[in-house]
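Asks: Each chain, letter by letter, is given below.
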Amino acid sequence: MQWAIVVAAFLASAVEFVEAFTLVLVARITTNWRSAIVGALAAVATLGVIVGTLGVALVTLIPLDVLRFVIGFLLLLFGLKWLKNAIARYNGLKLLHDEEAIYRARVAEARARGEPVKSGLAPFGVLLSYKGVLLEGLEVAFIVISFGGSGVGGTGTAALGGAVAGLLVLGIGVLVQAPLHRIPENTLKFVVGIMLTTFGTFWAGESFGITWPLSDLFLLILAALYLVASGLLISAIKQRQPRMVEASTTLRAAPLSQDKGVRP
Amino acid sequence: MNIILKAMLAIYNFFVGDLVILIGVSLIMIILALIHFLSTSISLRGASGVILIIGVLATLVATLGREIMRSENRQQA
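Quick mapping for you: the protein sequence lines, in order, are chains W and U. Following numbering that gives the first Met the number 0, the numbering of the first sequence begins with 0 at its first residue and continues without gaps. Following numbering that gives the first Met the number 0, the numbering of the second sequence begins with 0 at its first residue and continues without gaps.
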């Protein structure tokens with residue numbers, strides 16, 4: 000066995016699996032397991048069809064840059080929307096709402112009416128999971144085929160490295176997901192917004208031929224940059240907020256003080 | 000309302016739901032495409048990454064700015 004190919008495919012695939020699993024986890028936390036798994040399985044099925052029909056020709060036939068552009072563009076739209084809403088909620092520009100509490104209330108209402116409880120699919124969760132797994136899965140397929148092509152009978156050997164990486168990431172991910180539930184909802188949404196914007200920027204940039212410094216490691220730098228910028232925006236809006244509240248109370252107080260029947 | 004219009008509105012709300020973000024991100028992509036495909040903008044290619052990141056942050060600031068203005072208008076009303 001060519002261990003160099005196994006190790007190289009393992010390391011390269013592990014990075015892609017971590018990225019894919021992160022997005023599946025995001026879909027699971029923000030919607031539900033069912034949506035995340037349905038999206039991931041649909042992507043695996045799509046990948047199966049693509050790899051099964053195209054095989055090694057995959058590397059030459061599918062323009063990865065087009066896929067990166069479409070997914071990067073959509074993730075930027077999703078990510079910025081989530082980030083904006085989370086920042087707005089931190090500053091009271093939008094109301095905080097606990098989706099799990101709303102869901103539990105709806106389930107209780109349905110049970111009280113004697114209706115069966117539906118645990119439906121959330122389109123956002125399905126799509127997010129599907130996109131993440133499809134793009135990263137394709138990249139893993141590219142890695143396996145590329146590394147496999149460099150040695151005798153290499154595709155099988157490289158596939159072994161990729162498969163081990165996938166199982167390892169999946170195992171660690173399952174252990175990690177439970178503690179995430181203790182984080183407040185808006186904080187989770189804020190982090191998700193940062194992550195989606197980070198991935199969106201990264202992939203959209205790559206589709207235009209941008210070579211990020213440090214390769215995939217640049218994702219961490221990008222996330223840190225967006226985190227700092229969002230933190231600054233939150234504090235800037237908070238500083239502006241008291242003035243806004245002050246102005247509004249002055250406006251309301253003026254007609255009230257003229258009224259003789261002023262309420263306490 | 001026309002069913003096609005309803006479907007389009009549902010798709011828009013699902014993917015974006017915010018016109019500032021849609022316009023901002025689309026503009027960034029157009030600028031990057033121009034830098035990438037036009038031979039006259041070779042000198043800007045090295046700065047594409049920075050342009051993309053600044054564009055994303057500017058879009059975020061713009062959409063939050065609109066949210067603040069809305070909130071101020073609501074409070075004054």
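Hints may be right or wrong, so weigh each one.
Claimed, not checked - What follows is a list of derived Cβ distance ranges for each label pair: (1) W/Thr52 to U/Gln74: 33 to 43 Å; (2) W/Val227 to U/Phe14: 22 to 32 Å; (3) U/Leu43 to W/Leu174: 20 to 30 Å; (4) W/Val173 to U/Ile22: 33 to 43 Å; (5) U/Leu43 to W/Leu166: 11 to 21 Å.
Read the hints as simulated data drawn from the structure, not as lab findings. Keep in mind it's a predicted model, so treat the numbers as computed, not measured. Yeah, the Cβ is synthetic: ideal placement off N, Cα and C, and Gly gets one too.
Asks: It remains to establish, for every hint, whether it holds in the given structure.
Replies: These are the hints, each one checked on the structure:
For the hinted restraint 33 to 43 Å between W/Thr52 and U/Gln74, the CB-CB distance of approximately 59 Å leaves it violated. Distance hint check: the CB atoms of W/Val227 and U/Phe14 are about 27 Å apart, consistent with the given range 22 to 32 Å. Distance hint check: the CB atoms of U/Leu43 and W/Leu174 are about 45 Å apart, inconsistent with the given range 20 to 30 Å. The given range of 33 to 43 Å is respected by W/Val173 and U/Ile22, whose C-beta atoms sit roughly 40 Å from each other.
In this structure, U/Leu43 and W/Leu166 break the distance hint of 11 to 21 Å, their C-beta atoms being roughly 44 Å apart.
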